[in-house]
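Novice: Spelled out from the first residue to the last, the chains are:
2 protein chains.
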Amino acid sequence: MRTFSRSQALFERAKKVLPGGIPGHQDPRLLVRGQSPCFIDRAEGCRFWDVDGHEYIDYMCAYGPMILGYSHPRVEEAAQRQRQKGDCFNLPSPLWVELAEYLVNLIPSADWALFGKNGSDAVNCAVLIARAYTGKNKIIKAEGTYHGIGPWCTPNPTGTTEGERANVLTFPFNDIRTLVRLVEENRSDVAGVIITPFKHEFAHDQEMPSETFLNGLRQLCNADGPVLIMDDVRAGFRLHMGGSAEYFGLKPQLSCFSKAMGNGYPISACLGTRELMKAGKTIFFTGSFFTSAVPMAAALATLMEMNRPGVLDHLFQIGEMLKQGMLKQAESFGLKIKYTGPVTMPFMTFKDDHSFEKNKTFCARAYQEGVFFHPSHNWFLSAAHRKEDIEETLEATYQAFKAVKESFGS
Amino acid sequence: MRTFSRSQALFERAKKVLPGGIPGHQDPRLLVRGQSPCFIDRAEGCRFWDVDGHEYIDYMCAYGPMILGYSHPRVEEAAQRQRQKGDCFNLPSPLWVELAEYLVNLIPSADWALFGKNGSDAVNCAVLIARAYTGKNKIIKAEGTYHGIGPWCTPNPTGTTEGERANVLTFPFNDIRTLVRLVEENRSDVAGVIITPFKHEFAHDQEMPSETFLNGLRQLCNADGPVLIMDDVRAGFRLHMGGSAEYFGLKPQLSCFSKAMGNGYPISACLGTRELMKAGKTIFFTGSFFTSAVPMAAALATLMEMNRPGVLDHLFQIGEMLKQGMLKQAESFGLKIKYTGPVTMPFMTFKDDHSFEKNKTFCARAYQEGVFFHPSHNWFLSAAHRKEDIEETLEATYQAFKAVKESFGS
Chain L
233 MRTFSRSQAL FERAKKVLPG GIPGHQDPRL LVRGQSPCFI DRAEGCRFWD VDGHEYIDYM
293 CAYGPMILGY SHPRVEEAAQ RQRQKGDCFN LPSPLWVELA EYLVNLIPSA DWALFGKNGS
353 DAVNCAVLIA RAYTGKNKII KAEGTYHGIG PWCTPNPTGT TEGERANVLT FPFNDIRTLV
413 RLVEENRSDV AGVIITPFKH EFAHDQEMPS ETFLNGLRQL CNADGPVLIM DDVRAGFRLH
473 MGGSAEYFGL KPQLSCFSKA MGNGYPISAC LGTRELMKAG KTIFFTGSFF TSAVPMAAAL
533 ATLMEMNRPG VLDHLFQIGE MLKQGMLKQA ESFGLKIKYT GPVTMPFMTF KDDHSFEKNK
593 TFCARAYQEG VFFHPSHNWF LSAAHRKEDI EETLEATYQA FKAVKESFGS
Chain F
233 MRTFSRSQAL FERAKKVLPG GIPGHQDPRL LVRGQSPCFI DRAEGCRFWD VDGHEYIDYM
293 CAYGPMILGY SHPRVEEAAQ RQRQKGDCFN LPSPLWVELA EYLVNLIPSA DWALFGKNGS
353 DAVNCAVLIA RAYTGKNKII KAEGTYHGIG PWCTPNPTGT TEGERANVLT FPFNDIRTLV
413 RLVEENRSDV AGVIITPFKH EFAHDQEMPS ETFLNGLRQL CNADGPVLIM DDVRAGFRLH
473 MGGSAEYFGL KPQLSCFSKA MGNGYPISAC LGTRELMKAG KTIFFTGSFF TSAVPMAAAL
533 ATLMEMNRPG VLDHLFQIGE MLKQGMLKQA ESFGLKIKYT GPVTMPFMTF KDDHSFEKNK
593 TFCARAYQEG VFFHPSHNWF LSAAHRKEDI EETLEATYQA FKAVKESFGS
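Going down the list, the sequences are from chains L and F. Per our numbering, the very first residue in the first sequence carries number 233; after that it's consecutive. Per our numbering, the very first residue in the second sequence carries number 233; after that it's consecutive.
A few of these clues could be false.
Treat identical chains as interchangeable: a pair holds within one or across any two.
Lysine to aspartate or glutamate pairs mimicking DMTMM-like chemistry, simulated, CA-CA at most 20 Å apart [claimed, not checked]:
1) 637 to 584
2) 570 to 584
3) 510 to 259
4) 368 to 394
5) 510 to 456
6) 247 to 343
7) 513 to 259
8) 248 to 507
9) 248 to 330
Think of the hints as simulated: they come from the structure by calculation, not from any bench. Remember, it's a predicted structure, so these values are computed and weren't measured experimentally.
Chain L extracted, bound-state conformation:
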């Protein structure tokens, strides 16, 4: 039986010198208390090893970034080549231009790019530009969707002011009628509508956009309407290499990418259409490491590798294989599950498992069997996952479903 004593000991030390020990999305208390790792020693391909020496096939990909798998040779080679010249300079390296040009070619809706480090940097940049372009204040977002830690959208408003949170309106995802009504009621002051390509909210089933919603968005966000901002930070490049908007036939005026863009290297980008370029020049967006060259080398290598024929197809194929395998297993145990979202970043919940207790039992057993899922956050697949890894995973999930059946009966 796997135990996690080194993880636990480190977590106790962490709690003494870091508020909460590990705050944010990596808080191990969101996994399975006492039955999950808290710290990682090393990772390679689609696998990682925790500090207690346990190996796992990984289905979180560092919460998205590792789209090609950990330590991908081509990405690491490109990064190392730039690293020998340097990373953080007084001025950008030529990769600053090369990466912007590459993205503008890759993303049909984009004519320019601005680079930051965090997903939040890119999203906050888009909001600044939408407001600068329209001269209006209000931003409309879907209820509960995550757009980072900016005070205007943080899921936890502690420490923010009312004024920072003002000018944000919300509608239920997919509810085009409410969205249209909000835009009409606030027409004189709506700067932009920000959406994620589908709903991938923490502790919820994922929800794909309906055709009605997509059609409505296309009509609403026209030349005279609010700016459409696509927050593709989490989903970007797991649906379509032209961005998730392209997958759904949307033409956003601003798009935000990060996570998978650099296969783990810290980079984010706000991309926009030509008509917003002038507004892009008027806002202030800068940071000490925004022009660092190594993450740009990594991003170029990542995007080129992902853009090779068959790579994203492979991601869909293994995603489908995992999905079908798990659906079949659940059925064989008579367990009702929902398997939602794109197969390249799916999520599974058990029916009537509102406190995620069944999912925690499922995950705890999977950890024992050497497979890592999150009980309440969507999962991610990488191109490093091979057919054999999925087969090995399905042996683990069989045991995990069995454990749920034994503990809960259904």
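Fit chain F to the known structure of chain L by using the hints.
Specialist: Same frame as chain L, but now just chain F:
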């Protein structure tokens, strides 16, 4: 004569796919138009080479980060050792705890740490915690000081809302009377006072804090008063290894570090005292790359190297050597200059040179001679600068002062 045709050609390409070409602090139009590099090929130690192949002794250190010099062997070794294990994981590496413990030991006023990527991340985190701790809204800052790109403090409010900029009061740096009056007038709603350890504002002479100001701050920010936030993002570890607050005998409740902390690797930290730890747990502060292990390995190596006996002393010695050499040269030409701020991050201006034209002439000539200064932003020295580099620099500054004398007479 050095020309910059490759830099210019790349800048033209940049302007087509990036709003402004190179926005923010690295905008080459803030240097000397047409007579300065725009892109960098490589760097090592205290030198860099631009894309036209010109070599420079560097006095910007990537605007602060490169405190040990570019590609410092011990930092790169430590980073590489961690890189072989991996960087961006599902959970932190043990370095998460080790770096927090190291900082808590190093910085006398700190009992805990939270890590981000940008300086802005750390500063915004501190503001959240000050507001969460006090339950109050107002933040008092000095006029014109830079605290990053948060909407509450951005030097360019384009795209922000009034509500985001509300609850911020300003006083002239060093004016303790005005600060005390602001606190008294708003006592019921002042969350914190944020300062940089000295004034290092763009396009201004630097200004050290007066004893009166420091004494006033010590009295004002007591247990019942506003939270004192030290924004040491730019100056941190160039005055004192315990943080610049320690150098000036201040005990801030919150301190922010970034830039020099990781010698170019992207990392920032908000540090706080024990009484604010509970508030630190209540706020939301997270990002995709906040726990990445390689920048933590680099930060540990950087801080340990900087903490070795004599390293910071060396920085002061070469800083003093540069200062004395330049003061003497200016005097010999009969040029009136101000050489302000700590010698480890000084700035030089010419008297009555409000549009920085003399400084641009000075810098343009220095670029020709292979030395890189900024005409309107404070400079930075690194531990990689040796006595011989300063001597070589002074040969260049002699020619640069001479050029100013020839162009302007005085």
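Novice: Now tell me, hint by hint, if it's right for this structure.
Specialist: Against the structure, the hints come out as follows:
In the homo-oligomer, the alpha carbons of residue 637 and residue 584 lie at most 20 Å apart inside one protomer (14 Å), although the nearest pairing across protomers, at 81 Å, exceeds that limit. In this assembly of identical chains, the alpha carbons of residue 570 and residue 584 lie at most 20 Å apart only when taken from the same copy (10 Å versus 72 Å across copies). In the homo-oligomer, the alpha carbons of residue 510 and residue 259 lie at most 20 Å apart only across protomers (16 Å), although the nearest pairing inside one protomer, at 41 Å, exceeds that limit. For a Cα distance limit of 20 Å, the shortest separation of residue 368 from residue 394 qualifies both inside one copy, at 18 Å, and across copies, at 12 Å.
For a Cα distance limit of 20 Å, the shortest separation of residue 510 from residue 456 inside one copy, 17 Å, qualifies, whereas the shortest one across copies, 47 Å, does not. Proximity of residue 247 and residue 343 under a CA criterion of 20 Å is satisfied inter-copy only: 11 Å between copies versus 46 Å inside one chain copy. For the identical chains of this complex, residue 513 and residue 259 are inter-copy neighbours only, at 12 Å across copies versus 38 Å inside a copy, given an alpha-carbon limit of 20 Å. Only between protomers do residue 248 and residue 507 lie at most 20 Å apart by alpha-carbon distance; the minimum there is 13 Å, versus 51 Å within a single protomer.
Proximity of residue 248 and residue 330 under a CA criterion of 20 Å is satisfied inter-copy only: 12 Å between copies versus 44 Å inside one chain copy.
The structure is consistent with each of the numbered hints, conforming to all of them.
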